[in-house]
Structures are given as C-alpha cells and as structure tokens.
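Enquirer: Read top to bottom, the protein sequences are chains U and P.
Take the first sequence: its letter number 93 is residue 93 in UniProt numbering, and every next letter is one higher.
Take the second sequence: its letter number 34 is residue 34 in UniProt numbering, and every next letter is one higher.
By construction, these hints were calculated from the structure, which means they are not laboratory data.
For glycine and all other residues, C-beta sits at the position ideal for the given N, C-alpha and C.
Errors might be hidden in some of the hints.
Stated by the list, open to error - Below, a sample of chain U positions facing chain P; criterion: calculated Cβ distance under 10 angstroms:
| # | residue |
| --- | --- |
| 1 | G23 |
| 2 | T28 |
| 3 | L29 |
| 4 | T62 |
| 5 | D117 |
| 6 | R138 |
| 7 | D145 |
| 8 | I147 |
| 9 | Y148 |
| 10 | L163 |
There are 2 protein chains.
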Amino acid sequence: MPPPPAARAKVLEAFTDLLVTSGERSATLDAVADHAGVSKGGLLYHFGSKDALVDGLVEHLTDLIAADAAAMRADREGPVHYLLRTSSDVGHEFDRAYLAVAELARGAYPRARGALDAAEQAWTDAVVEEVGDPAVARAVVLLSDGIYHRTSLGAAPPPLEELLTLVDSLRRTTTG
Amino acid sequence: MPPPPAARAKVLEAFTDLLVTSGERSATLDAVADHAGVSKGGLLYHFGSKDALVDGLVEHLTDLIAADAAAMRADREGPVHYLLRTSSDVGHEFDRAYLAVAELARGAYPRARGALDAAEQAWTDAVVEEVGDPAVARAVVLLSDGIYHRTSLGAAPPPLEELLTLVDSLRRTTTG
DNA sequence: GTCTATATCAGGATAGAC
DNA sequence: GTCTATCCTGATATAGAC
C-alpha cells in the first residue's frame with residue numbers, strides 16, 4: 001500500500017491536540033482544519049465526515065496500545081513506575097491519544113470506549129506480570145485512572161514518589 | 001425568603017440526570033425542558049440563560065459538599081468506606097451532582113472546577129482524620145477519583161471489598 | 001488534492017401572548 | 001409563571017471550481 005499522505009497525519013495530530021488541550025467541544029471541523037493548516041474542504045477529502053475522523057483517531061490509538069504495553073514491559077523502572085509517571089503526561093504520543101479518545105468517549109462518541117477498555121486491560125496485564133497479585137495490579141491501574149481523571153479536569157497530578165512508596169508497601173505486604 | 005418554586009428544583013434535577021446519563025452534549029435547553037416537563041420558555045423564566053443554569057447546579061453542589069463531609073464523618077463504616085463505596089454510586093444526590101458538575105467542567109464550563117476542587121479537599125480532610133497519614137489519605141482519594149473516572153466513561157466499577165482490604169494493609173504498614 | 005462557496009440543521013436566546 | 005413562535009449563530013456537510 002502507498003504511504004498515507006502527510007496531510008492525514010497532520011489532521012489527526014491537530015484533532016488530538018485540540019481534544020487534549022481544549023476539550024471535545026472545541027474540536028470542530030473548522031478548528032481542526034485551521035490547526036492542521038488545511039482548509040475544511042481539504043480535511044473532508046481525507047476524512048469524509050466527523051465520524052470518519054473520530055474512527056481514524058480511535059484506530060490510531062488501538063495501534064498505539066500494543067506499542068505502549070511493550071514500552072511498559074521494557075521500561076528500566078518497570079511497568080508500575082511507567083504507568084504512574086505517564087498517567088499525567090500529556091507530552092507523549094500514547095498518552096495524548098488516550099486522553100483525546102477519552103474526551104470523545106465522554107462526549108458525543110461513546111463507541112470510542114472500546115479502545116479505552118482495551119488499554120486498561122493491556123495495562124493490567126503488564127502490571128500483573130510485575131507485582132504478581134492481581135488485586136494490587138487493579139489498584140495500581142485504578143490509581144492511574146485517578147490521575148487521568150484529575151488531568152482531564154485540569155487539576156494538578158499528585159506527587160509520584162509518594163505513590164510509588166505506597167505501592168511498594170503494598171507489594172511487600174501481599175507478597176511476604 | 002419565599003420557598004423556591006418546585007419548577008426550579010425539577011429543572012435542576014432534569015439537568016443533572018441528563019448530564020450523568022447522557023453527557024454534556026445531550027443536556028441542551030430543549031432536552032432539559034422536555035425532561036423536566038416544562039417548555040423551553042418556562043425553563044428560561046427560572047434560569048435566564050444556559051450559564052445561569054450551570055451556575056445554579058454548581059451552587060447546588062457547593063451546598064451539598066458540607067453535608068457530604070458530615071455524612072462521611074458520621075458513617076458507621078468510616079470515611080474511607082463511605083468514600084470508596086459511594087464513588088461509583090450514581091443513585092445518591094451528592095454523587096449525581098458531583099458527576100454532573102464534572103461533566104460540565106470537562107466540557108464547555110471549566111469554571112465549574114472550583115466546586116470539584118472543594119469536594120476533593122473536603123474528602124481528603126475527612127479521610128486524614130480516619131487514617132492519620134496524609135499520603136495514604138491522598139491515595140484513597142485518588143482511588144476514588146479513579147472510580148469516578150471509570151464511572152464517567154460508563155465502565156464497571158472495581159470490587160469494593162478488594163480495595164478496602166488493600167487500604168487496610170496500607171494503614172497497618174504506615175502506622176505500625 | 002485542495003480550495004471556496006453554500007445548504008442544512010440544531011442549540012441558545014428573545015418577544016410577546018395567555 | 002408558563003407557553004408558542006421566531007431569530008441568530010455556529011457546526012456539519014455538499015457542490016463544484018481550480
């Protein structure tokens with residue numbers, strides 16, 4: 001297959017950026033086109049409708065989930081550290097895509113939730129491999145969800161070291 | 001002062017219900033009026049604008065925060081149990097109002113975040129009184145935020161007993 | 001492939017009857 | 001106090017030129 005046109009990627013990136021920084025309401029076709037540096041007509045050549053644009057972003061996130069799970073497992077500090085430290089990170093591609101799709105799922109596109117559920121499952125699986133106890137793993141992912149909740153509301157994330165210390169005590173309690 | 005007209009309360013309740021069950025996008029003036037059983041004109045008699053309707057709900061939540069903090073402290077099972085078990089509860093008035101205002105804050109009304117911050121602070125204060133360690137208290141509130149995150153996305157909440165057990169081990173670890 | 005219109009529709013708000 | 005009717009604005013989508 002031919003390489004996807006650069007304009008497609010630019011449009012998806014602009015859509016993501018608007019969703020993360022200004023919310024779903026502001027991510028109109030006009031705004032996305034402006035932000036991507038194309039006209040509205042040009043945008044609608046690549047994505048035939050708003051729904052198609054949403055689908056494009058959801059599929060992009062789905063592609064990124066496997067890559068993120070692999071990055072968790074390969075992380076020098078381990079999956080738990082990776083998950084908790086990136087949960088408030090709006091700088092990396094995966095986290096931006098996750099937050100963007102979460103905006104869509106809470107807004108006019110509930111079908112976007114499938115990809116979010118898949119991400120949650122991938123995180124839990126990777127954390128279980130590190131901590132052993134599934135209950136502790138679920139709690140770690142739930143803490144991560146809490147950080148996402150605050151981030152999506154614009155509040156400050158909690159201190160990372162404090163959380164890591166608590167997770168360490170939990171692991172010692174349940175494994176020894 | 002005279003008692004507030006029943007229509008006002010009906011409208012606020014309808015607004016809350018639409019926000020919690022169908023998201024911010026669906027809570028239009030038309031939909032709220034229909035749901036409350038009044039006409040759009042009737043709604044706009046009580047609340048002169050959409051902004052005024054939003055302010056009405058935010059003020060209602062603010063009123064409920066102090067009452068909820070008192071209920072936490074008075075709870076037979078304690079503040080932690082109260083907080084974690086009610087975080088996915090969309091049946092009680094306070095939780096419904098919180099979720100509704102969170103929808104607004106994530107949507108077109110970021111100013112609604114002030115009331116959410118106040119709730120977070122009230123929860124943390126009450127939990128600190130029970131568990132002592134502020135770090136553990138912040139983690140408990142963060143778990144509660146995670147449950148809210150899932151609830152606001154329409155996902156199933158995690159098992160309560162499992163979380164309570166983990167919090168108990170944390171408390172034993174940090175206090176003894 | 002990308003642009004400039006323009007049609008269509010929905011939500012918010014106003015005016016005025018009852 | 002509550003209703004109906006109407007206006008204004010902005011967002012999606014289409015048509016057709018370049």
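Enquirer: Give a verdict on every hint.
Expert: These are the hints, each one checked on the structure:
Nearest Cβ of chain P to the Cβ of G23 of chain U: about 6 angstroms, under the 10 angstroms cut. The hint holds. Contact between T28 of chain U and chain P, as hinted, is not supported at the beta carbon level, the nearest pair being about 12 angstroms apart and thus beyond 10 angstroms. The interface hint given for L29 of chain U is broken, as the beta carbon of that residue sits about 16 angstroms from the closest beta carbon of chain P, more than 10 angstroms. Evaluation of the T62 of chain U hint against chain P yields a violated restraint, the C-beta minimum of about 16 angstroms exceeding 10 angstroms.
Of the supplied interface hints, the one on D117 of chain U holds, with its beta-carbon coming within about 7 angstroms of a beta-carbon of chain P, less than 10 angstroms. At about 6 angstroms, the closest approach between the beta carbon of R138 of chain U and any beta carbon in chain P falls short of 10 angstroms, and the interface hint on this residue holds. For D145 of chain U, the shortest C-beta to C-beta distance to chain P is roughly 4 angstroms, which falls under 10 angstroms, so the interface hint holds. Restraint check, I147 of chain U versus chain P: the minimum CB separation of about 7 angstroms is within 10 angstroms; hint holds.
For Y148 of chain U, the interface hint holds, the least distance from its beta-carbon to any beta-carbon of chain P being 6 angstroms, beneath 10 angstroms. Proximity of L163 of chain U to chain P holds as hinted, the smallest CB-CB distance being about 7 angstroms (cut-off 10 angstroms).
The structure shown violates the earlier hints numbered 2, 3, 4.
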